[in-house]
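Colleague: Take a look at the letters that make up each chain.
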Amino acid sequence: EDKVVQSPLSLVVHEGDTVTLNCSYEVTNFRSLLWYKQEKKAPTFLFMLTSSGIEKKSGRLSSILDKKELFSILNITATQTGDSAIYLCAVNNAGNNRKLIWGLGTSLAVNP
Amino acid sequence: DTGVSQDPRHKITKRGQNVTFRCDPISEHNRLYWYRQTLGQGPEFLTYFQNEAQLEKSRLLSDRFSAERPKGSFSTLEIQRTEQGDSAMYLCASSVAGQETQYFGPGTRLLVL
Chain A
1 EDKVVQSPLS LVVHEGDTVT LNCSYEVTNF RSLLWYKQEK KAPTFLFMLT SSGIEKKSGR
61 LSSILDKKEL FSILNITATQ TGDSAIYLCA VNNAGNNRKL IWGLGTSLAV NP
Chain B
1 DTGVSQDPRH KITKRGQNVT FRCDPISEHN RLYWYRQTLG QGPEFLTYFQ NEAQLEKSRL
61 LSDRFSAERP KGSFSTLEIQ RTEQGDSAMY LCASSVAGQE TQYFGPGTRL LVL
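Protein sequence lines, in the order shown, are assigned to chains A and B.
Going by our numbering, the first sequence opens with residue 1, and the numbers climb by one from there.
Going by our numbering, the second sequence opens with residue 1, and the numbers climb by one from there.
Hints are computed from structural coordinates only; laboratory data are not their basis.
If you're wondering where the values come from, they're calculated on a predicted model, not measured in any experiment.
It is possible that some hints are incorrect.
[Said to hold, decoys possible] No more than 27 Å apart at the CA atoms, straight line, and that leaves these computed lysine-lysine pairs for BS3-like: (1) A:LYS57 x A:LYS3; (2) A:LYS3 x A:LYS67; (3) A:LYS3 x A:LYS56; (4) A:LYS68 x A:LYS37; (5) A:LYS41 x B:LYS14; (6) A:LYS37 x A:LYS57; (7) A:LYS40 x A:LYS67; (8) B:LYS11 x A:LYS41; (9) A:LYS37 x B:LYS11; (10) B:LYS14 x A:LYS40; (11) A:LYS37 x B:LYS57; (12) B:LYS11 x B:LYS57; (13) B:LYS71 x A:LYS40; (14) B:LYS57 x A:LYS3; (15) A:LYS3 x A:LYS40; (16) A:LYS67 x A:LYS56; (17) A:LYS67 x A:LYS57; (18) B:LYS14 x B:LYS57; (19) A:LYS41 x A:LYS3; (20) A:LYS37 x A:LYS3; (21) A:LYS37 x A:LYS56; (22) B:LYS57 x B:LYS71; (23) A:LYS57 x A:LYS41; (24) B:LYS57 x A:LYS41.
Throw the hints in and build the complete structure from the sequences for me.
Modeller: Written as structure tokens, this is what we have:
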């Protein structure tokens with residue numbers, strides 16, 4: 001059965017800290033991995049990763065995929081209180097690209 | 001705003017009533033998805049459309065749930081004879097066929113009393 005596991009489930013840090021969120025997966029015919037940020041509303045898209053070793057970067061956020069070890073990490077540097085959210089990882093497989101397999105998310109709280 | 005929109009944003013209903021939600025996808029997106037999300041969980045797939053065709057419906061979805069996309073643009077999700085367990089956030093997302101990134105609407109939060 002396909003599954004996506006995120007860790008940690010929750011994390012509390014202070015402003016300015018750097019955090020690393022993990023997403024591991026077991027999916028047949030992997031196609032892509034997506035990261036979303038969810039505040040008190042619907043998820044918003046962050047990154048899509050398809051190739052190993054190529055870092056995607058947007059401001060203080062970056063992400064990389066390891067298709068050999070079947071995981072991805074999402075890094076946030078110099079965290080701010082506005083980064084507080086649930087970060088969701090989802091995987092798309094080539095045979096079933098009409099829906100995403102979701103992890104449970106990592107709840108990040110950034111305290112001032 | 002050219003993003004995905006959903007209506008209503010909140011719905012409170014009594015058990016046994018029927019409810020209908022609407023989703024308007026991004027205009028050039030031909031795929032439309034419905035998800036349900038409860039607290040502490042990731043989004044759970046319900047169904048999806050490509051244009052007006054409903055191509056898959058989750059086995060978890062009971063017969064009380066039905067979705068339509070009659071003209072390949074907006075979609076409606078109806079829940080008949082609501083139960084307290086239906087209380088959740090109902091999310092709609094859209095994408096372009098062949099591109100995996102899905103863009104979500106703000107969701108409709110349903111509370112069944």
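Colleague: So, against the hints stated earlier in the document, which numbers end up violated here?
Modeller: 7, 13
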